[in-house]
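Protein chains: 2
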Amino acid sequence: MEMVSRQPLLDVLSGRRSERTPVWMMRQAGRYLPEYRELRARAGSFLDLALTPEYASEVTLQPLRRFDFDAAIVFSDILIVPHALGQTLSFVAGEGPRLAPAIDAGNLSTLADTLDRDIVARVYEAIARTRAALPKTAALLGFCGAPWTVATYMIAGQGTPDQAPARLLAYRHPDAFGQLVDRLVTASIEYLCGQFEAGADAVQLFDTWAGVLPPEEFARWCVAPAAAIVAGVRARIPNAKIIGFPRGAGMNLVPYLEAVPVNAVSIDWMTRLDYARSELQTRRAVQGNLDPLALRAGGAALDYSVDAIMAALGDGPFIFNLGHGILPDTPVAHVERMLARVRGGR
Amino acid sequence: MEMVSRQPLLDVLSGRRSERTPVWMMRQAGRYLPEYRELRARAGSFLDLALTPEYASEVTLQPLRRFDFDAAIVFSDILIVPHALGQTLSFVAGEGPRLAPAIDAGNLSTLADTLDRDIVARVYEAIARTRAALPKTAALLGFCGAPWTVATYMIAGQGTPDQAPARLLAYRHPDAFGQLVDRLVTASIEYLCGQFEAGADAVQLFDTWAGVLPPEEFARWCVAPAAAIVAGVRARIPNAKIIGFPRGAGMNLVPYLEAVPVNAVSIDWMTRLDYARSELQTRRAVQGNLDPLALRAGGAALDYSVDAIMAALGDGPFIFNLGHGILPDTPVAHVERMLARVRGGR
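Chains H and P, in that order, are what the protein sequence lines are. To convert, count from 1 in the first sequence and add 265; that's the numbering used here. To convert, count from 1 in the second sequence and add 265; that's the numbering used here.
The set of hints was computed from the structure by calculation and includes no laboratory data. Note that the structure is a prediction, hence the values are computed from the model and not measured. Beta carbons are placed, not taken as given, at the ideal position from N, Cα and C, and that holds for glycine. Any given hint could be a false lead.
[Stated by the list, open to error] Ranges between beta-carbon positions, derived for each pair:
1. P:PRO526 <-> H:THR425: 32 to 42 Å
2. H:ARG548 <-> P:GLY581: 29 to 39 Å
3. H:ASP381 <-> P:ARG608: 52 to 62 Å
4. H:ASP381 <-> P:LEU304: 52 to 62 Å
[Claimed, not checked] Rough simulated footprint, nothing fancy, chain P against chain H, three-plus residues with beta-carbon under 8 Å:
5. 514–523
6. 563–573
[To be verified] To give an idea of the interface, some chain P residues facing chain H are shown, with a C-beta separation under 10 Å as derived from the structure:
7. PRO480
8. PHE483
9. LEU558
10. ALA559
11. GLY563
12. LEU592
The following block holds chain H by itself, in its conformation from the complex (with noise of 0.2 Å):
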């Protein structure tokens, strides 16, 4: 019998010491391979890709077999859930999403009481494929957006860059707001463990939009969102391990933490080392936070960059990633330098 999982990303979320420090990135399978490119172009939208389990296992499994990465996340979307809930989604060439049509305080019931199957059945064939064919020493990672974060989209029909609609919402009719994120909630409940139970190892919380809201609102719309789903999942799928990621949380990320028994926390390049170090750290795994743009950038600043973050948290419970997901023109050496720059930290 093993008792040691070998798997760096899972050992450090369940609290263990790892072997090494484990790496993964944000947006690892997505624009900047050139074999992603490729199966891009022959599946027809991007849908069809996120949602044909056979094109989404590839996709998953090319950045590793590029990279020694220690986790694959299964290439899918933060609106499959809206998707599955009734919303049409469509991806426009260069425009970004669109959910059709936009939800308001007076056509909430529109939307369906469960998660379609047959959508989200495609996510989960995606993930047991994957499983079945990654290596044991790699973890897999499903995902979902957080309620505020799809919120914002379902209600503007699209991404807007500050959030307005969704916020004005909020503030007009907090009730029922508050419906349309708890029947978030509920699904999201439903999808991660959907997501378990296909095989995904953890999963990831991604609250994209936190970092535009004030604290009070924070705390009403992303905290306590996310209290409720690690708590919902974890009376199904009780060890389930579970990262969240409230970006432009700053100073809101130790309230956060207080909060939401998530085995870890991402934290974006904004946030302070010596606060991750001093604040978070010590009260869970801390993943993270290299700028994209240094990566992008390559050369020194790569280098500085990736050190600091080493030096400042690497000898506590970590995992190296981005800060947010890789640029679309991020030259492929420049991940390899990063990588072995990590490896050669510790």
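Based on these hints, arrange chain P on the given structure of chain H.
Positioned in the frame of chain H, the structure of chain P alone reads:
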């Protein structure tokens, strides 16, 4: 002899107890006012409005005629400085500002050494006209953009969602980027001194995009230049009153205040009020921080937000303001409600 200034805003900036909590709003001279829209339509372009002293002065005075504000801020734009250094500034309807040619590591030397006198003299004349017409109890504010924020537009040639072009140049060519920042520090000192000499009672330094930088880059490109500007202005005008606004600085606000001897710090709506009270107001006067969307939403959300700010900060050295500029579609009645609520609170 009157020893009390009877300008509540200057009292706060001078460390005196003010008769009432001073109030003004960022972008208070702007599109939410029908009288602004009327004059804007007559003036021609936005730039014609800003650079014609009688128009700029009139627009500056408009909100003071309507609301019992304690300060006017000269109607201008943070991109006047690059315009006066030789970049051609234009405003494309519905798309925002354009600066041409874009600046990169290779064409820095095309910028002028000093500000074009004809351009900045128009701003100074607008200030002189406004000060002459403004009630003595109201303060007149000048302003400029901080070097980092201004550089993001100079390098991209326009606004960008993530300020990537400037951040990338700073990573790849820190020496060239530093030369641009030094140039802007010198120009900002000259420009702010000119505004004081024309009649400004205080000035604000807007670092709108400070929040996208990692902490060490923030220290290098936001904190150090702000400190140099404050020192440079005070070398010529010893008691110059200066408000700093490093928007999005979050947990970097204390390091900012430790290094930059501004008289007050303006905070955005994401800043925790308990932190502002315990960590910032103990060091300097604080200005802020109503969410412009709470003002736009009105009703209970507005009342609650105003009350929370006044309860946390109203007893200390404090200037009531928004956390960023007022949104163009904000009803005038909401501004009246906000003002009544602040006045009722003290």
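Which hints from the list above does the structure break, by number from lowest to highest?
none
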